[in-house]
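Given next are the chains, with one letter for each unit.
Protein chains: 2
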Amino acid sequence: MAWINENYLKLKAGYLFPEISRRVEKFSRENPDKKIIRMGIGDVTKPLVASVVRAFEEGVREMATAATFRGYGPEQGYAFLRELVAQWDYQSRGVQISADDIFISDGSKCDTGNILEIFGNQNKIGICDPVYPVYVDSAVMGGRTGAVQENGYFDGLYYLPCGEESHFLPKIPEQKLDLVFLCFPNNPTGQTATREYLTQWVDYARENDCILLYDAAYEAFIRDVEIPHSIFEIPGAKSVAMEFRSFSKTAGFTGTRCAFTVVPQELEARNSQGEKFPIRPLWSRRQTTKFNGVSYPVQKAAAAVYSTEGRKEVAEVIDYYLENARIMKASLLRMGFTVYGGKNAPYIWLKTLRGMKSWEFFDLLLKEAGVVGTPGAGFGPAGEGFFRLSAFAERESVEEGLLRISKIQ
Amino acid sequence: MAWINENYLKLKAGYLFPEISRRVEKFSRENPDKKIIRMGIGDVTKPLVASVVRAFEEGVREMATAATFRGYGPEQGYAFLRELVAQWDYQSRGVQISADDIFISDGSKCDTGNILEIFGNQNKIGICDPVYPVYVDSAVMGGRTGAVQENGYFDGLYYLPCGEESHFLPKIPEQKLDLVFLCFPNNPTGQTATREYLTQWVDYARENDCILLYDAAYEAFIRDVEIPHSIFEIPGAKSVAMEFRSFSKTAGFTGTRCAFTVVPQELEARNSQGEKFPIRPLWSRRQTTKFNGVSYPVQKAAAAVYSTEGRKEVAEVIDYYLENARIMKASLLRMGFTVYGGKNAPYIWLKTLRGMKSWEFFDLLLKEAGVVGTPGAGFGPAGEGFFRLSAFAERESVEEGLLRISKIQ
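Top line first, the protein sequences correspond to chains A and B.
For the first sequence, the positions run 1 to 409 when the working numbering is used.
For the second sequence, the positions run 1 to 409 when the working numbering is used.
If a hint is listed, it holds; no wrong ones were tucked in.
In silico lysine to aspartate or glutamate, EDC-like type, Cα no more than 16 Å apart, as pairs:
no.: 1; chain 1: A; residue 1: 276; chain 2: B; residue 2: 6
no.: 2; chain 1: B; residue 1: 35; chain 2: B; residue 2: 368
no.: 3; chain 1: A; residue 1: 46; chain 2: B; residue 2: 62
no.: 4; chain 1: B; residue 1: 276; chain 2: A; residue 2: 6
no.: 5; chain 1: B; residue 1: 46; chain 2: A; residue 2: 62
no.: 6; chain 1: B; residue 1: 124; chain 2: B; residue 2: 155
Pairwise CB distance ranges, derived in the manner of DEER restraints:
no.: 7; chain 1: B; residue 1: 171; chain 2: A; residue 2: 74; range: 36 to 46 Å
no.: 8; chain 1: A; residue 1: 93; chain 2: B; residue 2: 404; range: 46 to 56 Å
no.: 9; chain 1: A; residue 1: 74; chain 2: B; residue 2: 364; range: 23 to 33 Å
With the Cβ distance kept under 8 Å, some of the chain B side facing chain A (calculated, not the full set):
no.: 10; residue: 56
no.: 11; residue: 66
no.: 12; residue: 114
no.: 13; residue: 141
FYI, nobody ran anything at the bench for these hints, they're computed from the structure.
Note that CB positions come from ideal geometry on N, CA and C, so glycine has one too.
Use the sequences and the hints to build the structure in full.
Set out below in structure tokens:
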């Protein structure tokens with residue numbers, strides 16, 4: 001009989017968000033009349049903007065006639081989109097990233113989940129706690145950890161606590177790590193990173209020959225001009241970092257699927273003999289062998305995000321979510337909650353009531369208020385006692401949700 | 001410094017199809033006036049059919065208004081599509097596959113490349129030779145092989161020769177293998193498998209507790225009623241096989257991206273203590289953690305393939321390609337080539353001229369006839385001396401290509 005990959009058995013019962021769905025579905029079945037307000041999974045609610053829809057439709061129409069039909073595209077993504085990304089997301093900020101450094105994909109979850117494939121098993125991997133669960137789960141599935149300990153940590157990973165006392169920013173490690181996942185604006189805490197702070201990480205990486213796996217999926221929510229949108233805004237970062245970006249939250253593509261990963265030409269790692277190899281050809285080989293590129297009409301739609309109209313429309317949608325976040329934060333503070341995030345980020349990170357466990361608070365909020373949030377413990381042991389609320393909602397839902405929460409106090 | 005995954009260094013210089021592209025681009029640059037006829041990569045040329053385009057457009061329009069907008073979908077795919085697949089591809093042939101067994105994805109290349117992740121490293125993997133390169137390359141990248149030997153075989157894989165003398169069908173192994181990749185109708189040889197032959201494989205798998213990884217991406221080209229479209233048409237297969245299917249060649253989705261994998265509930269494998277575990281939850285966990293579902297409008301478009309009109313339109317396109325294959329085979333036979341495949345399959349597998357090496361024949365055909373095919377050696381050592389031509393082309397290109405080939409004789 002064939003053998004399973006036993007590393008899967010080390011994982012907890014389910015991925016966080018399916019578990020939330022299961023609890024919500026159960027509640028809905030038992031309370032069919034209760035209107036549920038979802039501030040849980042962090043999914044956008046605004047439709048695609050007009051210029052994106054027009055380009056998407058145009059892309060579909062091109063697929064309808066032989067003269068403009070497109071079959072297999074380049075696995076790395078069409079040059080027209082990679083060039084726009086390089087220009088608008090990087091060169092316009094004075095960062096010299098070229099179209100060749102960009103790999104278009106169908107999601108940052110896929111890319112951050114798959115990226116460890118190109119790195120050896122001997123790497124010491126640094127993981128923030130709390131953290132987006134995909135980094136840990138994919139490391140476990142890939143056999144890069146031992147068993148889970150009683151405290152919820154997996155043997156073999158190097159956890160970087162990001163608690164209240166450190167302002168939800170991991171301290172620069174004292175030991176040598178080889179790969180470190182960072183995420184700013186942070187999911188789940190909503191914390192952002194200043195230029196000075198990121199410079200410390202780049203310095204650390206350069207001194208320790210470490211590679212930073214920088215998840216910037218929420219960069220579009222940064223409004224403060226002092227906060228970098230990209231790790232590559234830090235001098236020297238191109239030789240020590242790769243970056244993950246997505247159209248999901250930037251342009252409402254959670255159901256449309258487009259993202260990209262930036263792997264600068266300068267980035268290198270070594271083999272066991274110490275010889276250096278560039279990373280970009282490895283990721284290219286991974287993608288050409290195991291991925292077939294993003295749907296052409298979707299890439300065409302993503303390109304429209306960079307048009308004059310598209311940039312304006314998308315910024316308006318983000319402003320709307322940011323205003324939700326502002327309202328939520330102000331209102332929750334008024335109710336007496338301890339609240340973090342919610343500025344330059346779509347997530348509110350609040351302390352549960354009376355030191356409740358976060359799943360207990362989840363059940364309370366669902367039962368008493370019909371509001372779905374995300375239990376902090378789902379993001380790691382240090383998330384215990386916290387709760388994530390997402391600003392991706394319609395204004396009236398936000399207001400209704402806040403009103404209901406105020407009543408359970 | 002971080003360490004690379006050194007298994008990548010075992011791979012040959014490039015994935016087959018990018019290498020072909022490089023040679024063709026070079027030739028085009030040097031011969032800008034020469035019109036190239038592409039029968040190489042096996043990419044479709046006919047546009048999406050009308051009913052698929054309509055559904056695709058409708059899906060895009062739904063994304064344009066809040067009331068019908070869709071954010072994150074189920075990672076496994078929408079139930080509306082999984083139910084159609086179960087009904088039309090399986091239940092209508094008397095095969096009891098349910099919607100829960102279906103996992104919608106963005107490509108069979110992704111699925112066949114990722115599937116080994118859920119299996120342990122100790123499995124003995126059987127690979128046909130010649131074969132679609134992704135199975136071997138992803139096994140190498142995943143550290144499931146040793147180095148490449150001088151004969152082109154990787155240590156640690158179990159090769160099943162499919163040469164002329166065995167009618168391009170692998171012999172049932174005498175040893176115990178744990179996982180075997182099979183592909184029918186075959187890429188690259190165009191060979192199909194009869195019910196009797198597949199029954200031998202299912203019997204082998206049942207006797208040896210082996211799992212068959214059955215790639216049926218070309219099943220839509222089967223016109224002979226005697227030839228099974230699915231491994232699950234063979235009694236007992238549900239406990240020993242999973243199946244990979246795609247809309248790429250069935251409905252011209254190479255640039256649109258949609259496929260699916262079938263993992264029956266009955267399928268099990270063991271851990272190192274010999275305990276049995278169902279495979280479906282493992283693949284589900286892999287997909288929910290590292291994949292985010294297929295673009296909603298694309299799934300909507302794929303669903304239209306099963307409409308009354310869609311089935312008719314898609315069948316007409318396939319008939320067109322099959323007629324190409326028939327013309328090609330007849331014509332090449334007349335020229336004196338030894339030709340296989342081309343019936344119930346979109347691929348022609350021909351012997352090179354005068355025992356030439358297959359890359360040499362590739363260069364000759366490109367230079368003398370401006371025709372791009374695929375060198376058999378790109379599919380494995382036993383492909384040497386053979387050449388794949390694809391029937392995915394416009395009729396006039398096919399005729400022009402054949403005329404040009406006839407002149408280099």
